[in-house]
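Based on the sequences and whatever the hints tell you, model everything.
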Amino acid sequence: MSWTAERVELLTKLWADGLSASQIAGELGNVTRNAVIGKVHRLGLSGRAKSGGGATKTRKAPAPTAKAATFTKPTPTEAVTAAIPTPTPRQIQPTVSGANALKVEPIETIETEIAPLPAADIFIPVSERASILTLNERTCKWPIGDPGAEDFYFCGRQSDAGTPYCAHHRSIAYQPVSDRRRRAS
DNA sequence: CCCTGATTCGC
DNA sequence: GCGAATCAGG
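First residue of the first sequence: 25, per my numbering; consecutive thereafter.
Everything labelled a hint here was simulated from the structure, so no lab data went into it. Check before you lean on any hint, since a few could be wrong.
[To be verified] Label pairs and their calculated CB-CB ranges:
#1 Arg57 <-> Ala29: 27 to 35 Å
#2 Phe147 <-> Arg194: 35 to 43 Å
#3 Glu174 <-> Lys37: 17 to 25 Å
#4 Asp175 <-> Ile196: 14 to 22 Å
#5 Thr28 <-> Arg57: 28 to 36 Å
#6 Gly53 <-> Arg162: 17 to 25 Å
#7 Asp41 <-> Ala173: 20 to 28 Å
Since we're looking at a predicted model, the values are computed, not measured. Beta carbons: idealized from backbone N, C-alpha and C, even for Gly.
Dropping the structure here:
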């Protein structure tokens, strides 16, 4: 598979949309995330401003090889990207360890909470909703919207291996029934 | 373990 | 130019 104009275009769009390299790779098909990242770099549009799911933070040490600091020239694309206010809708990361992390729902309100929650969930870009079905089985499968409706989709954020939901939806799904008393004996 | 992007370098 | 291997981090 080669990088046709359409594929490059889609790559650029999804990358600007905030999708991860592996998600884009899954959407394109027949490519690995490494291929996507490599192409992204070659196109000169690396380095996004987001800090979500677990990625860009600090650059690693330069070349450990004999090749010393051959710093790259600033591409015109970078300048343009930096100038853009970046109106990306990619604010979906509630930052689980952040503000709304430890909001334990009152146990008494479980029955009334269950119904409205899935509908009133966070926004996820359309491009990501489609790709989620392509991804592997370590993504959050919390349903959002009305099953059967055309705009129905799944959460899609990362879930720890084994668990079907991300941290946010896991806390909702598994409400402890601590109210109940053990009747072991 | 899973994931993320960044970089290098043989092809 | 391409992307697997590797790195560095969450």
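To see whether the hints hold, each was checked on the structure:
1. Arg57 <-> Ala29: 27 to 35 Å: Because 21 Å falls outside the window, the suggested range is violated.
2. Phe147 <-> Arg194: 35 to 43 Å: 20 Å, violated
3. Glu174 <-> Lys37: 17 to 25 Å: The hinted range 17 to 25 Å holds for Glu174 and Lys37, with Cβ atoms some 21 Å apart.
4. Asp175 <-> Ile196: 14 to 22 Å: 21 Å, holds
5. Thr28 <-> Arg57: 28 to 36 Å: 19 Å, violated
6. Gly53 <-> Arg162: 17 to 25 Å: 19 Å, holds
7. Asp41 <-> Ala173: 20 to 28 Å: Because 23 Å falls inside the window, the suggested range holds.
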